[in-house]
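Those protein sequence lines, which keep their order, are chains A and B. The opening position of the first sequence corresponds to residue 1 in this note's numbering, with each subsequent residue numbered one higher. The opening position of the second sequence corresponds to residue 1 in this note's numbering, with each subsequent residue numbered one higher.
Mixed in with the good hints there might be a few duds.
As the list claims (entries may be wrong) - Result set (DSBU-like, lysine-lysine): computed pairs, CA atoms no more than 30 Å apart in a straight line:
#1 A:LYS121 - B:LYS97
#2 A:LYS130 - A:LYS63
#3 A:LYS260 - B:LYS212
#4 A:LYS264 - B:LYS212
#5 A:LYS121 - B:LYS189
#6 B:LYS186 - A:LYS76
Claimed, not checked - Computed, partial: chain A to chain B, Cβ under 8 Å:
#7 GLN103
#8 VAL104
#9 SER116
#10 HIS236
#11 THR244
#12 GLY245
Simulated from the structure, these hints should not be mistaken for lab results. Ideal Cβ positions, reconstructed from N, Cα and C, are used throughout, including at glycine.
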Amino acid sequence: MAAGFKTVEPLEYYRRFLKENCRPDGRELGEFRTTTVNIGSISTADGSALVKLGNTTVICGIKAEFAAPPTDAPDKGYVVPNVDLPPLCSSRFRSGPPGEEAQVASQFIADVIENSQIIQKEDLCISTGKLSWVLYCDIICLDYDGNILDACTFALLAALKNVQLPEVTINEETGLAEVNLKKKSYLNIRTNPVATSFAVFDDTLLIVDPTGEEEHLATGTLTVVMDEEGKLCCLHKPGGSGLTGAKLQDCMSRAVTRHKEVKKLMDEVIKSMKPK
Amino acid sequence: MEGAMLADAKIRTESGTESGPRVSGCSLRHFACEQNLLSRPDGSASFLQGKQDVHETSPAVSPGDTSVLAGVYGPAEVKVSKEIFNKATLEVILRPKIGLPGVAEKSRERLIRNTCEAVVLGTLHPRTSITVVLQVVSDAGSLLACCLNASCMALVDAGVPMRALFCGVTCALNSDGTLVLDPTAKQEKEARAVLTFALDSVERKLLMSTTKGLYSDAELQQCLAAAQAASQHVFHFYRESLQRRYSKS
Chain A
1 MAAGFKTVEP
11 LEYYRRFLKE
21 NCRPDGRELG
31 EFRTTTVNIG
41 SISTADGSAL
51 VKLGNTTVIC
61 GIKAEFAAPP
71 TDAPDKGYVV
81 PNVDLPPLCS
91 SRFRSGPPGE
101 EAQVASQFIA
111 DVIENSQIIQ
121 KEDLCISTGK
131 LSWVLYCDII
141 CLDYDGNILD
151 ACTFALLAAL
161 KNVQLPEVTI
171 NEETGLAEVN
181 LKKKSYLNIR
191 TNPVATSFAV
201 FDDTLLIVDP
211 TGEEEHLATG
221 TLTVVMDEEG
231 KLCCLHKPGG
241 SGLTGAKLQD
251 CMSRAVTRHK
261 EVKKLMDEVI
271 KSMKPK
Chain B
1 MEGAMLADAK
11 IRTESGTESG
21 PRVSGCSLRH
31 FACEQNLLSR
41 PDGSASFLQG
51 KQDVHETSPA
61 VSPGDTSVLA
71 GVYGPAEVKV
81 SKEIFNKATL
91 EVILRPKIGL
101 PGVAEKSRER
111 LIRNTCEAVV
121 LGTLHPRTSI
131 TVVLQVVSDA
141 GSLLACCLNA
151 SCMALVDAGV
161 PMRALFCGVT
171 CALNSDGTLV
181 LDPTAKQEKE
191 ARAVLTFALD
201 SVERKLLMST
211 TKGLYSDAEL
221 QQCLAAAQAA
231 SQHVFHFYRE
241 SLQRRYSKS
């Protein structure tokens with residue numbers, strides 16, 4: 001009977017739960033879904049990570065290649081993110097060129113990388129003006145159940161921590177690059193940006209980590225990306241119902257706690273991996 | 001701080017002054033708006049933010065101005081694949097000044113579209129489409145805010161029912177913590193962080209926000225307060241220019 005009501009009046013069905021300050025899957029309004037992360041699963045990539053936020057599954061693979069540095073910044077490398085939402089993850093996506101959702105997510109990840117200065121692009125330069133690294137970060141969603149931005153940011157961060165770049169020297173005589181695959185070093189990750197997404201309901205209620213259905217019923221979304229010092233890298237609110245300054249403050253405090261949770265999880269995973 | 005009003009609705013404000021965290025006057029650049037300039041779309045508007053002289057009546061755009069031309073078609077027929085049974089389908093197309101539209105434009109289109117969706121009363125026109133087409137004429141900083149203002153004016157000109165008006169305000173934070181509203185392109189480049197907000201006219205709530213750079217929570221609240229204060233002037237300008245337009249005819 002509840003299933004019938006849910007199909008006919010999804011919003012009303014949802015409101016009944018919200019009145020009791022909980023959600024259909026049993027979570028509180030400020031509770032995240034179970035987060036699991038698996039680092040280094042793709043052996044052919046230079047760095048990889050798989051993140052699961054409840055049912056939402058996202059995998060990030062990073063490949064490093066050589067390129068000539070940009071002419072206007074000869075001492076910098078490149079970081080090229082790309083988010084792919086294939087038809088595999090949800091029935092709403094069709095095969096073909098990236099849809100709007102994928103493009104927006106790619107732009108969001110590019111902004112986070114740029115704003116948070118997670119990697120100093122100068123670290124990626126091998127030889128000024130001649131050779132630098134380019135990191136292709138491919139983020140692919142395997143299962144879409146809402147809150148894709150949080151999962152992608154987390155996957156990207158975890159994968160970058162996993163990347164090992166070989167040492168490269170430029171041979172003086174031949175001018176060619178010599179790659180020493182035996183000597184690898186990790187990237188210098190300067191900050192740890194963590195994204196927290198909220199959905200706005202009926203212009204007033206804010207819930208954390210919306211599932212796919214909740215995103216569909218929501219009147220607005222908000223994503224806050226914070227680093228460990230409490231600095232904001234990105235406040236992404238693409239339209240939707242209005243929010244007052246006070247509500248924003250609540251979101252910030254939730255984002256701070258989320259950052260601690262994620263950092264703890266990531267440190268645990270990396271510690272369990274390091275002796276390799 | 002408003003100067004003399006002219007027939008084509010220009011408000012002179014202090015241009016390019018840096019304001020402290022508590023904005024006493026208005027430090028937005030001078031802005032101008034023209035409506036109903038295109039004959040084919042149902043509504044159109046051109047919004048200009050920049051350093052034009054007050055006494056210049058021609059709408060010529062100088063290199064120091066940000067100008068966006070918006071056209072609205074709607075409510076019109078919608079493709080069956082895109083129709084929503086109980087609401088109007090909103091579409092935004094943003095054309096950059098140079099080059100083909102890319103991923104950044106798609107991202108901005110999504111921001112503008114979601115902002116418009118929050119204010120447009122789509123339920124009054126179900127199974128129709130409302131299309132907003134924006135063309136960047138010149139870019140001298142605060143582009144997204146200018147796009148938002150132009151789309152709001154164009155929607156009003158088209159007579160699309162809305163629950164509130166909205167405006168875009170850009171804030172730039174310098175490395176020493178000072179706030180500059182409506183920054184020029186140079187100020188945006190040198191700033192530590194650039195925040196763009198869309199605020200609604202009824203309660204000055206935050207409809208849309210997009211940011212670049214690193215900043216703290218306190219600075220965010222500061223910028224938001226400054227933007228809310230500045231939006232007063234923009235809404236006042238909207239009201240004035242619409243009053244002038246409708247009182248003439």
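Can you give the numbers of the hints that this structure goes against, from lowest to highest? none
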